[in-house]
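Novice: Spelled out from the first residue to the last, the chains are:
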Amino acid sequence: DAGVTQSPTHLIKTRGQHVTLRCSPISGHKSVSWYQQVLGQGPQFIFQYYEKEERGRGNFPDRFSARQFPNYSSELNVNALLLGDSALYLCASSLGFKVEAFFGQGTRLTVV
Amino acid sequence: GIQVEQSPPDLILQEGANSTLRCNFSDSVNNLQWFHQNPWGQLINLFYIPSGTKQNGRLSATTVATERYSLLYISSSQTTDSGVYFCAVVVVNTNKFYFGSGTKLNVKP
Chain A
1 DAGVTQSPTH LIKTRGQHVT LRCSPISGHK SVSWYQQVLG QGPQFIFQYY EKEERGRGNF
61 PDRFSARQFP NYSSELNVNA LLLGDSALYL CASSLGFKVE AFFGQGTRLT VV
Chain B
1001 GIQVEQSPPD LILQEGANST LRCNFSDSVN NLQWFHQNPW GQLINLFYIP SGTKQNGRLS
1061 ATTVATERYS LLYISSSQTT DSGVYFCAVV VVNTNKFYFG SGTKLNVKP
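Protein chains in written order, with the numbering used here: chain A, 1 to 112; chain B, 1001 to 1109.
Where hints are given, some of them may not hold.
Stated by the list, open to error - Using 30 angstroms as the maximum straight-line C-alpha spacing, the simulated DSBU-like pairs for lysine-lysine come out as follows:
#, chain 1, residue 1, chain 2, residue 2
1, B, Lys1096, B, Lys1054
2, B, Lys1054, B, Lys1108
3, B, Lys1054, A, Lys13
4, A, Lys98, A, Lys13
5, B, Lys1104, A, Lys98
6, B, Lys1054, A, Lys98
7, A, Lys30, B, Lys1108
8, B, Lys1096, A, Lys98
9, A, Lys52, B, Lys1096
10, B, Lys1104, B, Lys1054
11, A, Lys13, B, Lys1108
12, A, Lys52, A, Lys13
13, A, Lys30, A, Lys52
14, A, Lys98, A, Lys52
Said to hold, decoys possible - Over 10 angstroms on every C-beta distance to chain A, these chain B residues come out as not near it, computed from the model:
#, residue
15, Val1004
16, Gly1057
17, Thr1066
18, Gln1078
What the hints contain is simulated information worked out from the structure, not anything from laboratory work. Quick reminder that beta carbons are idealized off the backbone N, C-alpha and C, glycines included.
Produce the complete structure using the sequences and hints provided.
Specialist: Here's what the structure looks like:
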């Protein structure tokens, strides 16, 4: 079975641009969460979606948004990119709550 | 918010040595997982262990939820064990992981 897949794996954008990151969860998993990991730190929670509804939001500006589609895949959108948005963006999927979560390989975003 | 503290922050071992990594957390949790982050950034699941003890080969983990800590044991370490180990918890009544800052392990041949 395929694990959590994220695309693209690497991305370079210019300040002020917009970016869309994509995540396909493990088949059967209905929960998708997004995390941002800057160099040298642990991942920080951005969003969680379950059954296409937002179930949690971290302390990130409104430039960050996300959605979940009927097939449970998800997109993370970031507008007006800043240099500080450069990070590894990780997607996690799980069957639901209080169960084991699995992470994708991440998308490494560089803003120049 | 919850504090997740991992120790030590850095650890250097000779191949074949044993080690213990610790994770302390400041609130009651529903979920606790240990991950190994590979050089390419992917978080590899090691243990899902909100309580109790589990073993998988040379690795084992113990979580004492009532005392709010978890331990990851690595025995007979190998160079391929090198990398960053993260502990992550889900606090009761929330749905998000809180990660510690990680333990960076370097196993030398």
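Novice: A separate judgement is required for each hint: does it hold in the structure or not?
Specialist: Against the structure, the hints:
Pair hint Lys1096(B) plus Lys1054(B) holds up; C-alpha atoms about 23 angstroms apart against a cutoff of 30 angstroms. Using a Cα cut-off of 30 angstroms, the hinted pair Lys1054(B) and Lys1108(B) holds, with the two alpha carbons roughly 26 angstroms apart. Taken as a hint, the Lys1054(B) and Lys13(A) pair is broken in the structure, with Cα atoms around 43 angstroms apart against an allowance of 30 angstroms. Between Lys98(A) and Lys13(A), the direct Cα distance comes to roughly 36 angstroms. Violation of the 30 angstroms bound is thereby established for this hinted pair.
Straight-line distance between C-alpha atoms of Lys1104(B) and Lys98(A) comes to about 27 angstroms, which keeps the hinted pair within the 30 angstroms bound. Proximity of Lys1054(B) to Lys98(A) is assessed by CA-CA distance (about 18 angstroms); at most 30 angstroms being required, the pair is judged to hold. With a C-alpha separation of about 41 angstroms, the suggested pairing of Lys30(A) with Lys1108(B) is violated against the 30 angstroms cut-off. At roughly 10 angstroms between alpha-carbon atoms, Lys1096(B) and Lys98(A) fall within 30 angstroms of each other, so this suggested pair holds.
Restraint check: the Cα-Cα separation between Lys52(A) and Lys1096(B) comes to about 16 angstroms, which is no more than 30 angstroms; the hinted pair holds. Distance check on the hinted pair: Lys1104(B) and Lys1054(B) sit about 22 angstroms apart at the alpha-carbon level, within 30 angstroms; holds. For the given pair, Lys13(A) sits about 37 angstroms from Lys1108(B) by alpha-carbon distance, which is inconsistent with the 30 angstroms threshold. For the given pair, Lys52(A) sits about 28 angstroms from Lys13(A) by alpha-carbon distance, which is consistent with the 30 angstroms threshold.
Straight-line distance between C-alpha atoms of Lys30(A) and Lys52(A) comes to about 8 angstroms, which keeps the hinted pair within the 30 angstroms bound. Under the criterion of a C-alpha separation no larger than 30 angstroms, the hint pairing Lys98(A) with Lys52(A) is consistent with the structure, at around 18 angstroms. Not every CB of chain A lies more than 10 angstroms from the CB of Val1004(B), the least distance being 8 angstroms, so the non-interface label is violated. The Cβ of Gly1057(B) sits about 18 angstroms from the closest Cβ of chain A, beyond the 10 angstroms cut-off, so the non-interface label holds.
Taking the minimum C-beta to C-beta distance to chain A, about 18 angstroms, the non-interface status of Thr1066(B) holds against the 10 angstroms cut. Chain A leaves Gln1078(B) outside its interface by the beta-carbon criterion, the shortest separation being 22 angstroms against a cut-off of 10 angstroms.
In terms of the numbered hints stated before, the structure departs from hints 3, 4, 7, 11 and 15, listed from lowest to highest.
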